[in-house]
Amino acid sequence: MSEMTEQILVPEIDEDNAPFWEGARKGELRMPRCTGCGRSWFPPRPMCAACHGTEFQWERVSGRGTIWSFVVPHPPLLPHFMKLAPYNVICVALDEDPTLRLIGNLVPEAGDPINAVDPAAIRIGAPVRVVFERLTEEIALPRWVRA
Amino acid sequence: MSTLRDRTAIVGIGETPFAKKLDGSELKLACQAIVAALEDAGIEASEVDGMASYTMETNDEVAVAKNIGAGDVTFFSKVHYGGGAGPGCVGHLAMAVVTGQCRVGVAWRSRKRGSGQRPWAGVTQEVPGAAGFTRPFGLLRPVDEIGLLTRRYMHEYGGTRDHLANVALAARRHANRNPRAIMYEKRLTREQYMSARWISEPLCLFDNCLETDGALACVVVSAERARDCPHPPAYIHAFGQGLPPQHQTMTNYWNEDPLRGPAWACAAALWRGSEIRPADIKVAQFYDAFSPLIPLSLEGYGFCKRGEGGDFTNDGAIEIGGRLPVNTSGGGLSEAYVHGFNLINEGVRQMRSTSTSQVAGADSCIVTAGEGVPTSAMILRK
Numbered sequence: 077m078s079e080m081t082e083q084i085l086v087p088e089i090d091e092d093n094a095p096f097w098e099g100a101r102k103g104e105l106r107m108p109r110c111t112g113c114g115r116s117w118f119p120p121r122p123m124c125a126a127c128h129g130t131e132f133q134w135e136r137v138s139g140r141g142t143i144w145s146f147v148v149p150h151p152p153l154l155p156h157f158m159k160l161a162p163y164n165v166i167c168v169a170l171d172e173d174p175t176l177r178l179i180g181n182l183v184p185e186a187g188d189p190i191n192a193v194d195p196a197a198i199r200i201g202a203p204v205r206v207v208f209e210r211l212t213e214e215i216a217l218p219r220w221v222r223a
Numbered sequence: 266m267s268t269l270r271d272r273t274a275i276v277g278i279g280e281t282p283f284a285k286k287l288d289g290s291e292l293k294l295a296c297q298a299i300v301a302a303l304e305d306a307g308i309e310a311s312e313v314d315g316m317a318s319y320t321m322e323t324n325d326e327v328a329v330a331k332n333i334g335a336g337d338v339t340f341f342s343k344v345h346y347g348g349g350a351g352p353g354c355v356g357h358l359a360m361a362v363v364t365g366q367c368r369v370g371v372a373w374r375s376r377k378r379g380s381g382q383r384p385w386a387g388v389t390q391e392v393p394g395a396a397g398f399t400r401p402f403g404l405l406r407p408v409d410e411i412g413l414l415t416r417r418y419m420h421e422y423g424g425t426r427d428h429l430a431n432v433a434l435a436a437r438r439h440a441n442r443n444p445r446a447i448m449y450e451k452r453l454t455r456e457q458y459m460s461a462r463w464i465s466e467p468l469c470l471f472d473n474c475l476e477t478d479g480a481l482a483c484v485v486v487s488a489e490r491a492r493d494c495p496h497p498p499a500y501i502h503a504f505g506q507g508l509p510p511q512h513q514t515m516t517n518y519w520n521e522d523p524l525r526g527p528a529w530a531c532a533a534a535l536w537r538g539s540e541i542r543p544a545d546i547k548v549a550q551f552y553d554a555f556s557p558l559i560p561l562s563l564e565g566y567g568f569c570k571r572g573e574g575g576d577f578t579n580d581g582a583i584e585i586g587g588r589l590p591v592n593t594s595g596g597g598l599s600e601a602y603v604h605g606f607n608l609i610n611e612g613v614r615q616m617r618s619t620s621t622s623q624v625a626g627a628d629s630c631i632v633t634a635g636e637g638v639p640t641s642a643m644i645l646r647k
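Just so you know, the protein sequences line up as chains C and S, in that order.
For the first sequence, counting from 1, position 142 maps to 218 in our numbering; every step adds exactly one.
For the second sequence, counting from 1, position 1 maps to 266 in our numbering; every step adds exactly one.
Just so you know, these hints were derived from the structure itself, not from any lab.
Treat each hint with caution, since some may be false.
Unchecked claim - Below, simulated SDA-like cross-link-like pairs (lysine to any residue); rule was C-alpha separation at most 25 Å, straight line:
#1 S:Lys-547 / S:Ile-585
#2 C:Lys-159 / S:Ile-585
#3 C:Lys-159 / S:Arg-383
#4 S:Lys-547 / S:Trp-529
#5 C:Lys-102 / S:Pro-393
As the list claims (entries may be wrong) - Listed below are several chain C residues computed to face chain S (Cβ distance under 7 Å; list not exhaustive):
#6 Leu-85
#7 Pro-87
#8 Glu-88
#9 Pro-119
#10 Ser-145
#11 Val-148
#12 Pro-149
#13 His-150
#14 Phe-157
#15 Val-165
#16 Cys-167
#17 Arg-177
#18 Asn-181
Backbone N, C-alpha and C define an ideal beta-carbon position, used for all residues, glycine too.
The whole structure should be built from the sequences, with the hints applied where relevant.
Spelled out as structure tokens, the structure:
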């Protein structure tokens, strides 16, 4: 296993997703909306499949949603995550549009580790609210707390 | 009428032994499996003029053709998306034979997944593309990605761990009858299943396929040529591939209906080309990297209604003697995990009536690739 995987994983910022991560650095959850037809898509992409527009405006959303599903990973895992296992990974459907879903983690409070919530207490449908955890200079990851 | 229907057949199958660790390179294993398949077909390697494999296959056509001593190769194709490729390779060869692009096609997969690195462990620190929105949060492995869909499936339809255990136990019971299977001598009980360690809740150890070294191959020729071969032909009756709208491989969470996966798109193409209907089929080989793919495939390919795939597995229905025995060699869960190619060879054995769990009266068999990734499937018939 490479030395790289001892470290945390971060998203690669590209021309499509840069506004998302720019928002996250400022503590804002932003979603792209096609300037041509108003349709939102996630993850970010270069073309709107509804109207073939290539311009998107990024709008701050409420940061509220519900848990659509979740898993609790156990080893074998990459070394960084091995130390945290078992932890939770949740999928959140946003209140504005439940087909916009984000992968994240449920934490008691912003900055808490991703293994701090008892997995037995996690429920599909539970309301959650976004918080952010700064990982690097460029990347703040959205995490979720109970709303 | 489909131009593909019954106009080609699989006439040879070959495979290496399966083990956690095999000696020899993936290239050597690939060539041994292909040569075995050609011997089984009674066809000389110099006649091979068509080749198909997976994009994840490390052995290219040049290396394989050189080693087996192929002649002029006039058709070669690779199918993408890992475990979605298997029947796709066979289908591409069938289309190439029907259209005259080649006469003798070989498909193969060789993989040292048992002794080699786990693909998910090779992730780079900066994760590109859609995976950048999943892996940094610890959704690292295929089992985590499918586990998330499984939990939602259970929530929506009342699926249970007992349903998943039905799948794991059926695979194991079939493997216990198959001396080639890695789990031939290892029994599995429901109690062992329920007390097994978690890999990614709600999935436990026995919901996961094996990690195997091995290689398999098969030979595709025209129906006319097939009748001169030593074994009864397994005719390729219908074939399809499937990539549904707004699909995201493995992490299919970003469309309106994530539980309507690639199997549904593939099924439309498959049944459009088939005279045989799900109700006519008495044995199935469904790709099973993870146990929940069986209920999802039963639904996607129309063997039951949506949401009924879990209950379909009850009362031994998918075991030998049941209504639709599934993965009669033990499948990826208990025979070997070679990206699903063993399901193809087992489908052929069912059509030859030589399976170690032969289904009486089975005159057709569905063989599928992975649900959850852009996929492929075919109907074999006697």
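Each hint tested on the structure:
1. S:Lys-547 / S:Ile-585: Distance of about 10 Å is within 25 Å: holds.
2. C:Lys-159 / S:Ile-585: violated, 43 Å
3. C:Lys-159 / S:Arg-383: holds, 19 Å
4. S:Lys-547 / S:Trp-529: The hint holds at about 20 Å.
5. C:Lys-102 / S:Pro-393: Holds - the C-alpha atoms of Pro-393 of chain S and Lys-102 of chain C are around 22 Å apart, at most 25 Å.
6. Leu-85: holds, 4 Å
7. Pro-87: Holds, about 3 Å.
8. Glu-88: holds, 4 Å
9. Pro-119: Pro-119 of chain C check passes; min Cβ-Cβ to chain S is 5 Å, inside 7 Å.
10. Ser-145: holds, 4 Å
11. Val-148: holds, 4 Å
12. Pro-149: holds, 5 Å
13. His-150: holds, 4 Å
14. Phe-157: With a closest approach of 5 Å, the Phe-157 of chain C hint holds.
15. Val-165: Holds - the Cβ of Val-165 of chain C comes within 7 Å of chain S, reaching about 5 Å at its closest.
16. Cys-167: Holds: closest Cβ of chain S sits about 6 Å from Cys-167 of chain C, inside 7 Å.
17. Arg-177: Holds. Min distance 5 Å.
18. Asn-181: The hint holds - Asn-181 of chain C has a Cβ within 7 Å of chain S, the shortest such distance being about 6 Å.
Violated hints amount to a single one, hint 2; each of the other numbered hints is respected by the structure.
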